[in-house]
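Here's the letter readout for the chains.
Protein chains: 2
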Amino acid sequence: MAAFVGVNTGNMADQKPTLFTCFSPALLHLYDVNDAIVVIIDVFRATSTIASALQNGAKCVIPVDTVAKAVEISKRIDGIAAGERDGKIAEGLEHGNSPLEYPREFVEGKTLVLTTTNGTRLLHMALENGADTIITGSFPNLDAVCRYLVKQQKNVILGCAGWKDRFNLEDSLFAGAVIHQVKEFFRIHCDSSLTAELLYLQQKDRLQDFVPLLTHYHRLVERFGLIEDIRFCTTPNLANVLPVYRNGKLIIGEEE
Amino acid sequence: MAAFVGVNTGNMADQKPTLFTCFSPALLHLYDVNDAIVVIIDVFRATSTIASALQNGAKCVIPVDTVAKAVEISKRIDGIAAGERDGKIAEGLEHGNSPLEYPREFVEGKTLVLTTTNGTRLLHMALENGADTIITGSFPNLDAVCRYLVKQQKNVILGCAGWKDRFNLEDSLFAGAVIHQVKEFFRIHCDSSLTAELLYLQQKDRLQDFVPLLTHYHRLVERFGLIEDIRFCTTPNLANVLPVYRNGKLIIGEEE
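These protein sequence lines are chains R and U, in that order. In terms of this note's numbering, the first sequence has 151 at position 151, counting the first letter as 1, and numbering is strictly consecutive. In terms of this note's numbering, the second sequence has 86 at position 86, counting the first letter as 1, and numbering is strictly consecutive.
It is worth saying that the hints were derived from the structure and are not from the lab. The structure displayed is predicted, hence computed values, not measured ones. Possibly wrong hints are sitting among the right ones.
If you anchor each label on the Cβ, the simulated ranges turn out as follows [said to hold, decoys possible]: (1) U:Thr235 with R:Glu94: 45 to 51 Å; (2) U:Glu184 with R:Ile77: 38 to 44 Å; (3) U:Arg219 with R:His124: 29 to 35 Å; (4) U:Pro17 with R:His218: 34 to 40 Å; (5) R:Ile77 with U:Asp35: 25 to 31 Å; (6) U:Glu222 with R:Asp205: 32 to 38 Å.
Yeah, the Cβ is synthetic: ideal placement off N, Cα and C, and Gly gets one too.
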């Protein structure tokens, strides 16, 4: 199996854009994001929540890096201040980072101002590093992300948000799921991408049995009982929209 | 399978020392090395060369961070100045970083002064961060490393040298091989360790077929023709010594 995954070589491949996987925000500086699409991946739970809120009709999601900013901006624009620190609703906020907290009847037509431990931080790092385009991805919008990457034909960095700069498995598994779908369109010569795809292929048919082994599962389920969140975040295509970052906001992008 | 790997839980496990895997030198600061044994892992090729040289009777290996230091120290003590930059013999040095360059007839009784792109750099980082004990590991000394870790009963950081701070697969596979042997003696709650072990279990029976997919294989074999080096570096227990860092030198440690 492995002989056919992860690495594309040959002359034809040299025409293709590159794809790299970055396992931690602390490694982002090793990759050239300037002419690349950066996919921000924070499966548990920021990028799952972003997909869910937009799918359910939110006008946009404004990712911010501090609780103070979330409160200030949401007051000014009559938005919903939301976010978490260390897995629970951040002090000073009324709404958290659960994709199930934002059904259509609550979020439609509204703006979510979201701050999270890992995902929104990585998004701002990619922005500061001059990323050409930023989109967000998680299992709920897997196919939308893959369709977009294939159509754009630009270099791609799959940016895993991790947990406080540590590697985590759920983000890597999603990177592997993307790679598995799009790899024929990219030149991939990157051990992180190979690892991500091998892990995804090994676990994809038993993902719900596998996730209880993850560090983050213990944090979310054993401490906060968020089993339904975990299921949503690891199920493909439940909220198949493409969040694109434009002028400070994540909006539903056109898949062209 | 995965239900039984990677994570130990339960009351008994709480008595055990911890084990973490660090995928890149750029992530080392996230781990507490102060009371831990740090295993420096640079499979291609520094820690394979270190095992080989010591196994073949070298008095010791002095790891240094610059070519200038390698030259200066080796002149002073009549040692062998050796090392690489970007996979080939560093300019100004006569000997490289190949484990096969140091047979007994050449290296016995001598001191190797070694500088490399990734492995010796990580060793110095672990030292500066206050690591309790530093040892080096690669497939050629797999069993010696595992026996030592099990006997010491201290916290362990498996430190992958990577390639210029990027994740690489060969170091992670070795981390997985160690974890697979020692895990019952440690409390392991770390997605990097789980990933390393899953990859190792997936590839261990086909390691020689798998390594041609690795980024570093292309660098070493396609550019420099070092296929025999690769074979040595990925074969378990060909140089089963335990290199321990003491007072600026790597010497054969007693497995006590």
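Hints and how they fare:
1. U:Thr235 with R:Glu94: 45 to 51 Å: Given about 59 Å between the Cβ atoms, the range is violated.
2. U:Glu184 with R:Ile77: 38 to 44 Å: Roughly 55 Å apart at Cβ, these two residues miss the hinted range, so it is violated.
3. U:Arg219 with R:His124: 29 to 35 Å: Roughly 33 Å apart at Cβ, these two residues keep to the hinted range, so it holds.
4. U:Pro17 with R:His218: 34 to 40 Å: violated, 19 Å
5. R:Ile77 with U:Asp35: 25 to 31 Å: violated, 49 Å
6. U:Glu222 with R:Asp205: 32 to 38 Å: Holds, since Glu222 (chain U) and Asp205 (chain R) (Cβ atoms, about 35 Å apart) stay within the stated range.
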